[in-house]
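Residue numbers (our numbering), protein chains in the order written: chain A, 1 to 222; chain B, 223 to 548.
Rather than coming from a laboratory, the hints here were simulated on the basis of the structure. Predicted model only: the values in this text are computed from it and were never measured. Misleading hints may appear alongside valid ones.
As the list claims (entries may be wrong) - Listed next, the in silico DSS-like pairs over lysine-lysine satisfying Cα-Cα at most 25 angstroms (straight line):
no.: 1; chain 1: A; residue 1: K165; chain 2: A; residue 2: K99
no.: 2; chain 1: A; residue 1: K190; chain 2: A; residue 2: K208
no.: 3; chain 1: A; residue 1: K117; chain 2: B; residue 2: K409
no.: 4; chain 1: A; residue 1: K2; chain 2: B; residue 2: K409
no.: 5; chain 1: B; residue 1: K365; chain 2: A; residue 2: K165
no.: 6; chain 1: A; residue 1: K208; chain 2: A; residue 2: K21
no.: 7; chain 1: A; residue 1: K190; chain 2: B; residue 2: K409
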Amino acid sequence: MKPRVIRLSTTPTAEALAELKLGDIVHLDGLMYTAREGVYQRALEEQANIPMELPRDSAANFHCSPAATIREDGSFVMGAVTATASFRFAKWLPEWIAKSGAKLIIGKGGMSSQNYKDFFVPNGAIYLSTVGYGTGALLGRGVENVEAVHWREELGLAQAMWVLKCNNMGPFIVASDMQGNCLFERENAKIAENLERVYEGTKPAVLKRFGETDDRSDEVIG
Amino acid sequence: MIPINTIQKTAETLMDKAAIEIPLDYLSGLKRAAETEDGDLSSFVLQAMLENYEAAKQDRRAMCGDTGCPRWYVKSGNDAQIEGGMVALETALRRATANATNGVPLRPNRVHPLWRTDHDNNVGIGAPEIEYGFEPSAVEGEKADWIDLITVHKGGLFGTDYRMLFPSDGIEGIKRFYLDCLVAFGKRGLACQPAIIGIGLGGSKDTCMVLGKRAACLRTVGSRNSDAKIAALEDEFIEMGNSIGMGAMGFVGKNMVIDCNIEVGYCHTGGMQMSVHAFCLSSRRAVARIHGDGRVEYRTDPDWFTDYQRRETVDWDGHTILEAAE
């Protein structure tokens, strides 16, 4: 069965978000901005003024550094865009989502269902995952224009806040819903049923590592 | 004498090709995987990737937004001479990396590990890595007057691990660590599978990592180790990886491993070092041979692991020892 494909605004209504199901494919229209550790630190820890009107201009936060460059005349060359793994940003997201009014957090690999229930659902936000993860050329095609690059001097090209005008940009996969369910956890649970069989005929290493035991007084041998 | 301008110009073309054109051997492997995949979501992902490779070539844009960490492998024929010497070659490769980062464009990924300084060109302390190999003439009486430039833009913060195993761990221990790596890094697709898995066995800690990385990046899909028993192990490991039940992005599926390449090196008698590496859905590599007369031939097979690189044919005291299984 092929997944269904849906066009969605980067300033989506609550009704549009409520209709999305785990595993739906989404293509986006409107303005999207990149924000990751650099932007979060600057906006939340250093309390710098966010250089956009959020969420009026955009409610879509992309965990991304684009493969892009700025020409000498100040114009932008946008090549491919691919997301970076989002679980590393859980520390900042509760405050960021509340402050920015973001409804779409877009990245790689999703977050935990606990995260979704704790700070996505209460703010009416969902998580969209990129596909692959390597559909950088397809996503690059969906970027109609680079509207601005904020904090380029302060954060460098990779961490700067890129404002992208999206036109049918996709594919993305719906990885959380309004109940806080998590697509990746659902898939992981199915795969886990098979693991015992796959591991048959293997054995643990004779020398263990910390992490395989949390007892730091353990001698880790045998 | 190989002109230095030809080296820099060729290197810039290679940067472009590696970032944009998926090598045919990996593409064919992924197409076969897409035909067999029956997980709804995994299947959608593989189709999207196949479309993506086409889009990259049509638009001449990088196939993935994370353009990895460009690095260089230089294999020099024993008789090659480079205008300006090896120092000029290193300068040319660093310049080509910087120019292509802005030209393609690539993402300026390389930063200082502590101060996060970014020159916006993928060049910095120790970056890009440049590694060397040397090769005798393939034909007696002919001069090996050429160099092979190989660039690999390996992505991924996930999918790699090293472990000191011991002879008593045996093949069961090797299998356990292999599965642990695939399952741990495959969850949520962090390893960007299905991938070419490279495994290094033996050597020392550093050479074990180098062997595994080269097995992933410098051998092609379908190649087999010259030792028949190791080649059989490679086949077995592909099968095992694809029986986990995990596919692209960590969704339910049956394609995790496009190929598994194993390289070995002699190690300490008490140890059995093992490293695992994943060359991802964007398995970026490009190769060119530059001849002494200035001719340039492009290809995608690094052809790195010759008998000479494995030192199998280098004798001592007049004896040639063959390592392959009897």
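Now for the hints, and whether the structure bears them out:
no. : hint            : verdict
1   : A:K165 / A:K99  : holds, 22 angstroms
2   : A:K190 / A:K208 : violated, 28 angstroms
3   : A:K117 / B:K409 : holds, 21 angstroms
4   : A:K2 / B:K409   : holds, 22 angstroms
5   : B:K365 / A:K165 : violated, 56 angstroms
6   : A:K208 / A:K21  : violated, 42 angstroms
7   : A:K190 / B:K409 : holds, 12 angstroms
Hint compliance for this structure: hints 2, 5, 6 are not met, and every other hint is.
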